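Participant: What follows is each chain in one-letter form.
Protein chains: 2
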Amino acid sequence: MAAQDNSSTDGVGPGRPGARLSRRIFLAGSTGLAGSIGAAPAAADSLADVPPRAPGADLGAHSERSKYVRIDRIPEAGPGMRNVDPDNAINAKTPHQQLFGTITPTDLHYERSHAGVPDIDPAQHRLLIHGMVDKPLVLNVDDLKAMPSVSRVVFIECTGNGWENWRKADPDLTVQHTHGLISTNEWTGVSLRFLVDLVGKQRGSNWMLAEGGDGAGVDRSIPLTEEILDEAFVAYGQNGEPLRPAHGFPMRLIMPGFEGNLHIKWLRRLKFADQPWMTRWETARYTQLLPSGKARQFQLRMETNSVITSPSGTMKIRPGYNRVSGFAWSGHGSIARVEISTDGAKSWKVAQLNHPVLPKAQTRFQIDWVWDGKPTRIVSRSTDDKGNTQPDRSHFIAQNGTNALFHYSAQQTWSIDEAGRVSNVLA
Amino acid sequence: MAAQDNSSTDGVGPGRPGARLSRRIFLAGSTGLAGSIGAAPAAADSLADVPPRAPGADLGAHSERSKYVRIDRIPEAGPGMRNVDPDNAINAKTPHQQLFGTITPTDLHYERSHAGVPDIDPAQHRLLIHGMVDKPLVLNVDDLKAMPSVSRVVFIECTGNGWENWRKADPDLTVQHTHGLISTNEWTGVSLRFLVDLVGKQRGSNWMLAEGGDGAGVDRSIPLTEEILDEAFVAYGQNGEPLRPAHGFPMRLIMPGFEGNLHIKWLRRLKFADQPWMTRWETARYTQLLPSGKARQFQLRMETNSVITSPSGTMKIRPGYNRVSGFAWSGHGSIARVEISTDGAKSWKVAQLNHPVLPKAQTRFQIDWVWDGKPTRIVSRSTDDKGNTQPDRSHFIAQNGTNALFHYSAQQTWSIDEAGRVSNVLA
Numbered sequence: 000m001a002a003q004d005n006s007s008t009d010g011v012g013p014g015r016p017g018a019r020l021s022r023r024i025f026l027a028g029s030t031g032l033a034g035s036i037g038a039a040p041a042a043a044d045s046l047a048d049v050p051p052r053a054p055g056a057d058l059g060a061h062s063e064r065s066k067y068v069r070i071d072r073i074p075e076a077g078p079g080m081r082n083v084d085p086d087n088a089i090n091a092k093t094p095h096q097q098l099f100g101t102i103t104p105t106d107l108h109y110e111r112s113h114a115g116v117p118d119i120d121p122a123q124h125r126l127l128i129h130g131m132v133d134k135p136l137v138l139n140v141d142d143l144k145a146m147p148s149v150s151r152v153v154f155i156e157c158t159g160n161g162w163e164n165w166r167k168a169d170p171d172l173t174v175q176h177t178h179g180l181i182s183t184n185e186w187t188g189v190s191l192r193f194l195v196d197l198v199g200k201q202r203g204s205n206w207m208l209a210e211g212g213d214g215a216g217v218d219r220s221i222p223l224t225e226e227i228l229d230e231a232f233v234a235y236g237q238n239g240e241p242l243r244p245a246h247g248f249p250m251r252l253i254m255p256g257f258e259g260n261l262h263i264k265w266l267r268r269l270k271f272a273d274q275p276w277m278t279r280w281e282t283a284r285y286t287q288l289l290p291s292g293k294a295r296q297f298q299l300r301m302e303t304n305s306v307i308t309s310p311s312g313t314m315k316i317r318p319g320y321n322r323v324s325g326f327a328w329s330g331h332g333s334i335a336r337v338e339i340s341t342d343g344a345k346s347w348k349v350a351q352l353n354h355p356v357l358p359k360a361q362t363r364f365q366i367d368w369v370w371d372g373k374p375t376r377i378v379s380r381s382t383d384d385k386g387n388t389q390p391d392r393s394h395f396i397a398q399n400g401t402n403a404l405f406h407y408s409a410q411q412t413w414s415i416d417e418a419g420r421v422s423n424v425l426a
Numbered sequence: 000m001a002a003q004d005n006s007s008t009d010g011v012g013p014g015r016p017g018a019r020l021s022r023r024i025f026l027a028g029s030t031g032l033a034g035s036i037g038a039a040p041a042a043a044d045s046l047a048d049v050p051p052r053a054p055g056a057d058l059g060a061h062s063e064r065s066k067y068v069r070i071d072r073i074p075e076a077g078p079g080m081r082n083v084d085p086d087n088a089i090n091a092k093t094p095h096q097q098l099f100g101t102i103t104p105t106d107l108h109y110e111r112s113h114a115g116v117p118d119i120d121p122a123q124h125r126l127l128i129h130g131m132v133d134k135p136l137v138l139n140v141d142d143l144k145a146m147p148s149v150s151r152v153v154f155i156e157c158t159g160n161g162w163e164n165w166r167k168a169d170p171d172l173t174v175q176h177t178h179g180l181i182s183t184n185e186w187t188g189v190s191l192r193f194l195v196d197l198v199g200k201q202r203g204s205n206w207m208l209a210e211g212g213d214g215a216g217v218d219r220s221i222p223l224t225e226e227i228l229d230e231a232f233v234a235y236g237q238n239g240e241p242l243r244p245a246h247g248f249p250m251r252l253i254m255p256g257f258e259g260n261l262h263i264k265w266l267r268r269l270k271f272a273d274q275p276w277m278t279r280w281e282t283a284r285y286t287q288l289l290p291s292g293k294a295r296q297f298q299l300r301m302e303t304n305s306v307i308t309s310p311s312g313t314m315k316i317r318p319g320y321n322r323v324s325g326f327a328w329s330g331h332g333s334i335a336r337v338e339i340s341t342d343g344a345k346s347w348k349v350a351q352l353n354h355p356v357l358p359k360a361q362t363r364f365q366i367d368w369v370w371d372g373k374p375t376r377i378v379s380r381s382t383d384d385k386g387n388t389q390p391d392r393s394h395f396i397a398q399n400g401t402n403a404l405f406h407y408s409a410q411q412t413w414s415i416d417e418a419g420r421v422s423n424v425l426a
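As given, the protein sequences belong to chains A and B, one line each in that order. Residues in the first sequence are numbered from 0 upward in steps of one, following numbering that gives the first Met the number 0. Residues in the second sequence are numbered from 0 upward in steps of one, following numbering that gives the first Met the number 0.
With the rest of the complex left out, here is chain A (with noise of 0.2 Å):
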């Protein structure tokens, strides 16, 4: 295993064999570049080379999107329902394939809910903390902000991400179809340890009920192991500004590396009790049907992950240089190493991560490839820091049969043919 070379740097930066490969290759390719890699415009140097400077408009209140940029998540109904009446949708995933870095735009963070956005006013919303508690208490998100806060940079991933992929593969879809059900960004709240020790949970309540004000009022179980107590939060701000309603304003519980649907949106209530409620939620819902047909419940933990989002689904490259970047996540901590295979999982080489490396968190990844214009097949498979290596699709399926919904976390391939064109495949 070859040392990640990650963690002394502010990036990958031009000591590294990547870095190395692609200046080679654009010295040799050209002296101008200008949207031209691999053909060879004619020098320049001069002003005349660009456009002219322009005089602008004012200044305002907010600084908006660019008229020329168009980026919008899309609503979907489920699983291969993507053109859907908006009161229909039940989701509205991630155009991956047009973002960068760690933060995921907070307009742009992806969306699960099972009665739409409920449209409520922080002054009139509360808290309620009771059940197996000495003191029970109600809290408004005044209260909250009163509080000691931690902030974190964590992804959130329904259960449902990568269902597209389970039984068959439609050629046609984006990254943002195969995996739009996972954003990442930096929520501010107060340590659910801290709200347990305030309200005096009674020894044996180890378990926590934890409720939503929509209209479906999900609620879930979550056991309080010293990791859960250590880690979760009840966030009121998200990517530096109050929580926006789709994501759970005014208050919403963050579970670092867990299942999405535990992130309780619009959170109204936590109760403490010595064994689970089993709600519907984690009864009919949220289990897992297996191969032998029996159902598993309360699989919390999202898994190692990772995908390519350059290229990827419905992208078209050209032979010569190009450079391949995704992410990688995983429910149990850090991001260890990522290998990308260019001749369908032939071969394996050790991508480059780019600083900084967050536990729970997206981590890009970047490796620079010359592409010699034959047909081909290219993955990625990650490594978390616990040594969790994300599976190959027929070892997946294998554990885990195809009648299951959720959880999957087999490894990506995306099939290049002769033209350049990249299409989701099952490998």
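A few of these clues could be false.
The list cannot tell twin chains apart, which means a pair is met if one copy fits it or any two copies do.
Think about it this way: if two alpha-carbon atoms lie no more than 35 Å apart in a straight line, the pair counts; the simulated DSBU-like pairs of lysine-lysine are [what the hints assert, rightly or not]: (1) Lys373 <-> Lys134; (2) Lys134 <-> Lys315; (3) Lys167 <-> Lys144; (4) Lys373 <-> Lys348; (5) Lys167 <-> Lys345; (6) Lys373 <-> Lys144; (7) Lys385 <-> Lys345; (8) Lys66 <-> Lys134; (9) Lys373 <-> Lys167; (10) Lys385 <-> Lys167; (11) Lys348 <-> Lys134.
The hints are simulated quantities; they were obtained by calculation from the structure and are not laboratory data. It should be emphasised that the depicted structure is a prediction, and the values quoted were computed from it without experimental measurement.
Once you have looked at the hints, place chain B on chain A.
Facilitator: For chain B alone, coordinates are given in the frame of chain A:
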């Protein structure tokens, strides 16, 4: 010096002294809080105490802010000129009194421009790299995206941040007025060293001219130190998405730790030479008038600084428990320590730093405080990992005089009167 207990956790946990204090106070004060810290409503233990659940609105392409959240920048025409026509505004300040965590919301990042915001079609935009180089190049934004990328969470600070307090203190200023010209985003782009190696910078060409594409054509000479070659980059991404027009779309120079005006927006040219250009921006504009009457050129680095954002100017507090929080930053590196005084700089306590503490990024601090209801003054002072400590105002003015307009980094004092009103003062 007490050891900083901030490196081994993801936030301020309940085991910290401050958290213990606040928990004790919360528990002593009430059994149900609901916005009433200090008061004590009846205990609550039923869902009748919280509002009913509600059905919701449809999912969409973007998740927008709540209609209950009003959060705006303030466009200004300069120090003390806050009620201006939008077309006379030269900057728009970030509302830090309303924000959380490290990341500034993209549309609330502060803005400072000299000829408004140009409307640039990215398909037409070009970056010329030339001068004392072997291979001059013209790049478009797709060329940059094809190169190895770096991402970094970094503050940008206008060198005029704090100028409101150079000579006198308006008591009615908020922290948005006094410190609204700093923000922190995650930026993604291509390393300057990669580009320098790509064009083959010639021996002795140790200065770089960076020029913007707005009508004013802001251009600055930048010394190519090893630090700048390692850390500077040409960005195309901001908080995960393409740059916003106000922040340099489609490409911008990022200069971690240095004056905001060096982070050239709408970047159209990098030129290399063996001496600085002495543009009007570095002779007439961004120079510092010293007490001696001489002007200092090329004071490029932003100093160690900090400010308390809660409580801050125009807020009102109550006697009893209050949390004091804010943020610190340094162009030299990471924040090592923040100290808080709640008795007008007579005594100091070490504040807790929120994780993660990133170099050249805003770092959150917080501390518990019990206010006895008597008039007092609260102050913060930061120390960075290079040992630089933020000076008090008298030392700062003794060294820098009152003729200058830039690089104000004296400790910020907020006065609190017997009614709990918080005001901006000099101390």
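Participant: Determine for every hint whether it applies to the structure shown.
Facilitator: Results of checking the hints against the structure:
For a Cα distance limit of 35 Å, the shortest separation of Lys373 from Lys134 across copies, 32 Å, qualifies, whereas the shortest one inside one copy, 68 Å, does not. In this homomeric assembly, Lys134 and Lys315 come within 35 Å of each other (Cα to Cα) only across copies, at 29 Å, whereas the closest approach inside a single copy is 61 Å. Taking CA atoms no more than 35 Å apart as the test, Lys167 paired with Lys144 passes between copies only; the shortest distance there is 32 Å, against 47 Å inside one copy. Proximity of Lys373 and Lys348 under a CA criterion of 35 Å is satisfied intra-copy only: 19 Å inside one chain copy versus 66 Å between copies.
Within a single copy, Lys167 and Lys345 get their C-alpha atoms as close as 22 Å, which meets the 35 Å cut-off; across copies the closest is 70 Å, which misses it. For a Cα distance limit of 35 Å, the shortest separation of Lys373 from Lys144 across copies, 24 Å, qualifies, whereas the shortest one inside one copy, 58 Å, does not. For a Cα distance limit of 35 Å, the shortest separation of Lys385 from Lys345 inside one copy, 25 Å, qualifies, whereas the shortest one across copies, 49 Å, does not. In the homo-oligomer, the alpha carbons of Lys66 and Lys134 lie at most 35 Å apart only across protomers (34 Å), although the nearest pairing inside one protomer, at 53 Å, exceeds that limit.
Proximity of Lys373 to Lys167 under the C-alpha cut-off of 35 Å is restricted to the intra-copy arrangement: shortest distance 25 Å within a copy versus 70 Å between copies. Proximity of Lys385 and Lys167 under a CA criterion of 35 Å is satisfied intra-copy only: 31 Å inside one chain copy versus 57 Å between copies. Taking identical chains as interchangeable, the C-alpha atoms of Lys348 and Lys134 lie at most 35 Å apart only when they sit on different chains, with a minimum of 31 Å there against 56 Å within one chain.
Hint compliance for this structure: every hint is met.
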